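These protein sequence lines map, in sequence, to chains W and G.
Quick note on numbering: the first sequence equals residues 1 to 641 in the numbering used here.
Quick note on numbering: the second sequence equals residues 642 to 712 in the numbering used here.
Take these hints with a grain of salt, some might be off.
[Said to hold, decoys possible] Cross-link-like lysine-lysine pairs, in silico, DSS-like; alpha carbons within 30 Å at most: (1) W/Lys203 - W/Lys328; (2) W/Lys328 - G/Lys674; (3) W/Lys383 - W/Lys371; (4) W/Lys146 - W/Lys371; (5) W/Lys105 - W/Lys595; (6) W/Lys114 - W/Lys595; (7) W/Lys458 - W/Lys114; (8) W/Lys33 - W/Lys458; (9) G/Lys674 - W/Lys146; (10) W/Lys371 - G/Lys674; (11) W/Lys29 - G/Lys701; (12) W/Lys411 - W/Lys228; (13) W/Lys411 - G/Lys674; (14) W/Lys114 - W/Lys33; (15) W/Lys33 - G/Lys701; (16) G/Lys674 - W/Lys203; (17) W/Lys203 - W/Lys228; (18) W/Lys146 - W/Lys328; (19) W/Lys328 - W/Lys228; (20) W/Lys328 - W/Lys366; (21) W/Lys411 - W/Lys371.
[Claimed, not checked] FRET-style restraints, in silico, Cβ to Cβ: (22) G/Ala694 - W/Gln7: 23 to 31 Å; (23) G/Ala694 - W/Trp208: 28 to 36 Å; (24) W/Arg592 - G/Gly703: 51 to 59 Å; (25) G/Gly703 - W/Phe618: 23 to 31 Å.
Since the hints were derived computationally from the structure, they do not count as laboratory data.
Note that this is a predicted model, so its numbers are computed, not measured.
Ideal Cβ positions, reconstructed from N, Cα and C, are used throughout, including at glycine.
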Amino acid sequence: MHNVALQWIDYAIIALYTAFVVGIGFALKRYMKTSSDYLTSGRSIPTWVTGLAFISANLGALELVGMAASGAKYGVVTAHFYWVGAIPAMVFLAVFMMPFYYGSKARSVPEYLKMRFDERVRALNSISFAVMTVFASGISMNALAKLLHQLLGWNYDLSLWICSGIVLLYVLKGGLTSAIYTEVLQFFMIVLGFAPVVYLALKDVGGWGAMTSALQTVAHNPAALALKPEGTTYAANAWTSAWQPLLGGPTQNPLGVDWFAMVFGLGFVLSFGYWCTNFLVVQRAMAARNMGAARRTPLVAAIPKMLFPALVILPGMLAVALAVIPGKGYRLPSPPVHEARMEAAIAAVNAAPASSEAVIQAVGMKMDAAKVSALVAENSTHKLDDAVLRTRIQDAVAENDYDGVILSLVKRYCPPGMLGLALTALLASFMSGMAGNVTAFNTVWTYDLYQAYIAPNKTDGHYMWMGRFITVVGILLSILAAYFASRWTNAMDIIQLVFGFVNAPLFATFLLGMFWARCTGTGAFIGLILGMGTSALFHAVTFTTGNLAGVKGGYLAMLHAFPSDMAQNFWLAATAFTVCLLATAGISLATRQAKTVDEMRGLVYSLTPKLKEEEQNFFLRPAVFGSLLIVACVILNVIFW
Amino acid sequence: MGLDIRWPIGLMFSIVGLLLAGYGLVTGGEIYKCSMGININLIWGCVLLVFGAIMLTLAKIGSAKTPEEKK
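One chain only, chain G, in its complex shape (with noise of 0.2 Å):
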């Protein structure tokens, strides 16, 4: 089906973790006491943005593979 899913995946992850790790930045102290001091919104935003990157990654390399496959 015309659609590779890893384009929208990477895309929505990569603008997800930007958003959260973007957040972590700007924040801190009081609110992360729940999490133990840990910034986990600067940490897992990177997680994520490391994950989106590598989905759109693979799609980039997918979409120059399909048309020779088609052939």
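One chain only, chain W, in its complex shape (with noise of 0.2 Å):
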């Protein structure tokens, strides 16, 4: 990968936003006088701000790298994680559910399930969601030093403590509302600094009408980019309509999946528990200043996020059609060459006799046979150059490295100035990520697991002091948990994998805890339990196609094929959802509520007294407004068939 150099514009841009970012977290500083300003912002944010949060605080920069990695391997398809897997779950959680997690006082969701359930609950949420968020920080903050090394030759550990140490700075000082001002900063920062690069690699292409005729030919022959193995076929649209490869069946479209998978598995069951109930993102909701506010925060945020398709997806699908498009000199980037393999494969092509099967064998990737024999030959006659030598054999690698797309881009069309611009950016959506999980990290230590098991009774002032204390330390463990995951690719795989497991089944805890009086805490923390057994069990005997077995799923039988990663995720999760939601009613059924209605009123749907709207608007009534975008949702989806 070509390192950029980067101008003096580029580093004013990049150190105006950190000075922005860390004096907000020094200006909100004066306001931090109780435990409850610091964790959970004293309830006291204006709507806007909370929504603008709530959807900036999932926008990391995993998001954006992936999002445009799979509009680039998917299409129009990968439009379904906002449409069907974001705004119906975020207008449900908006209309049913924020009335029990803001008007039950609880200041977190662990504390919820308390407050349901029994203490077992929420041990079992509290104690995953930590680890969770320290490992999920830990991962984006390792992608971002991993990429300033490899886009601008910075120094990895120099990269990470120093923008680690930014976000310390700003969220130390000013806890939440730092963290949640700061995100609505990143968000226009992350929407202004990508757009422009967007519009020029559309106008590039040449329009929306030009994308699609080349995307086409993609669509006819995707194994011409390397996107899928040879003699794979799909219809014209797989890459420009969102449903009809769908309902083609699993094999008609690039990301294999059927309908029924998508909608249940991803559409109810991975988006409902994911926006419903991570803390996470629940948490800016909570931060609200009233009921109101708190209810529309997700319908706020779901108004940006249904338009995020143009900006994270969109680039994915152009960089497609540019790669096909010819004279256009780009091609979708290939993975680096570790340079100890590179090395090896310069000294086979400078062998005498060179073969172009060494060459191939010591890059150790899939490449092209043709150029690199090509290369062999030309060395032969005439030497190459080193540096010449590197970059065919960089660009013979018949593989595609995803993830690099958007900085592909970014580099392509960039001068200085928005380069700059763009890399703040990115920047932004790293810290906004750091930062979210942090601050939702330490209000569960601090409420959850200090408060409840270790040091109950203690003074307002020790449980600031410790949620500043423990901000630091999670800090620190995000940082141990990049190195972590810059060491142990795999490892980090499993422990994202188990994550899956225990997320898998938690919406049917919720689901049954709101709406059902009758369920209890032995019932939901049992079914909890057998519904992530059923997740690990579901992979370890189902595996994808394609996969070894034992690597991805199928260590202990193979009972079932999947057509792909996505299919056995989606089927995974709903099958965990039916087994928890089977067994979490059945237990309770046969075991006595511990909880009496009084204490259930305001935690349960049918004891609780039905919320007065009390807007004078009526559309900015939570019912009303979410209807309305779940019809803007439909359109969207229309007008994309």
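Could you fit the two chains together into a complex? Lean on the hints.
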């Protein structure tokens, strides 16, 4: 990968942004008087701010990078992660669940679980959540430091510590408020930093029509870009329609899923499980200044969320289109050849007699045989420079580094100045992801673990101190997790997999807890554990076609083969959810309800007096606002049918 | 909470906008080859400046309103 040289203007923009986020932290410091100011923002923030923070906490850089990658791999279908996999759940959270979260006066999602069920459920949820947030922010910081190293040649350790240090500075000073405020700033930074790149790419491709026709060529023969194995072919609209390829079945679309897995697995189980129960996002809504504001937070967030595909998925599609249009001189980035392997490959090219097989073997990746033999032939007639050889060998790699797509576009289109802005946007997305995780972590630690089990009945000042202290610890743990992720990529994959298991059934517990008064603590606890066990078991007995058994599933048996990881993932979630739902319900009926009706008032739908819609403005009522959003979302789906 | 976030957002984007647009004014030619001859710094700098100005205006209107709302 080529390093990019930054000009003074680029540094100036990055420095300005950094100065502002840190400045916000310092400006807020004087308002931090109690632990609740620090950890829950004292419930005082206006709706549009919590709404944008809600979306920004989720818009980590992994999302930006990953969605562009999926846009390239799967096309418009990726938008379902937004339209099916987010909007309905966000509306549900606002209309049905927020009244209980906010009305219960719980300070966190685990605390709600304690009020509704018992300590066991809270402990299970808070411990798994705390560990997960640390790893999530570590993974994201590792990605950032790696990227700064590859792109700008900055030192990995230095990048990691400095970026974490900046986040620490503003979160330590201003707590959750500071994280939320900077998330709003970061939201605008991300949108305004990437929009011009998308615009330039779209213009270069020649507009929407040109992109569509280029993508039709791709759909006909995706193997030409190494997107799919040789011989795969799809209908012309595989990259440009959202639903038609899904209806044709898993073999008819690049994502490899059918519509039922998409709607039930992603749209219901995974999406509701994330948006409605993940404290990272729910915390933003709980910081709102009143019930109305809290309920409108996810709704305000849904508006930009619905439109994000244009910013994050479109670049991936444009990159694929560019790669197939002749004369553009663009190719999807290939994964960088490891230094030692590169040297071996160069030696193999220079060897006499040189053979293409030896070169391909040295690189150890899939190579374009024609390009390699051309290179070998050319080098044998007259010796090429090492620098040229490097570029040519890298170019001959016939694999795609999808995560590099967004950066390759930034590099291609950004002159100095714009480059600084786009990089700042990327930095902003990493920082908002980390700050979001750290602020959720410190609240759960302080209130749900420290206050609940380690040191109850201390003064508020003590918890305030603990909140700050654990912020520092949280950042240090994240850095540790980042190093862990950089050394043991496979271990990290396993950890993420395990969190997938833990999260998959969670929504069933909340659904029954909030809407069924008979649901008991024992039922919830055992149901949840059975649900998690089911997802682990499901993963152990199924696998994905094309993957080696035992690597991604199938350790115990191979009962079923899924056409893609995504399909396996969706079905896993659906199964775990169903088992958790049935087990929780069954065990609840068999056990005694320990909570009285009075204790559950405000926590369960049927026992809570209906909220009066106090809003003057008809359109701002959550149910009305939410319905409008759903209609808008349906319209988008129809347009891209 | 005491701070209106629109002030820092408005201020930051105004400064970045000015910086970019200014840079766009004094540069040209070769460096814009990659953006297909479009002086994207000048154009986008102006967009950011306008956005920053709108944020500042909203903050100003907001700060005029707040004392009344509190009563």
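key: Agreement of lysine 458 of chain W and lysine 114 of chain W with the hint, judged by alpha carbon distance not exceeding 30 Å   = holds, 20 Å
query = Measuring from beta carbon to beta carbon, are alanine 694 of chain G and glutamine 7 of chain W in 23 to 31 Å?
reply = Taking Cβ atoms as reference, alanine 694 of chain G and glutamine 7 of chain W lie about 26 Å apart, which means the hint holds.
key: Agreement of lysine 203 of chain W and lysine 228 of chain W with the hint, judged by alpha carbon distance not exceeding 30 Å   = holds, 27 Å
inquiry  = Does lysine 701 of chain G sit within 30 Å of lysine 29 of chain W, going by the straight-line distance between their CA atoms?
reply    = The hint holds at about 23 Å.
task = Please work out if lysine 328 of chain W and lysine 674 of chain G have their alpha carbons no farther apart than 30 Å.
result = holds, 14 Å
request  = Verify the proposed pairing of lysine 328 of chain W with lysine 228 of chain W, using a straight-line Cα cut of 30 Å.
outcome  = holds, 22 Å
query = Are lysine 411 of chain W and lysine 674 of chain G close enough, with their CA atoms no more than 30 Å apart?
reply = holds, 12 Å
query = Is the Cα-Cα distance between lysine 114 of chain W and lysine 595 of chain W 30 Å or less?
reply = holds, 11 Å
query = Holds or violated: are the alpha carbons of lysine 383 of chain W and lysine 371 of chain W at most 30 Å from each other?
reply = At roughly 16 Å apart (the allowed maximum being 30 Å), lysine 371 of chain W and lysine 383 of chain W satisfy the hint.
ask   = Range hint 23 to 31 Å: satisfied by the CB atoms of glycine 703 of chain G and phenylalanine 618 of chain W?
value = holds, 24 Å
query = If you draw a straight line from the CA of lysine 203 of chain W to the CA of lysine 328 of chain W, is it 30 Å or shorter?
reply = holds, 12 Å
query = Holds or violated: are the alpha carbons of lysine 114 of chain W and lysine 33 of chain W at most 30 Å from each other?
reply = holds, 27 Å
Of the numbered hints listed earlier, not one is contradicted by the structure.
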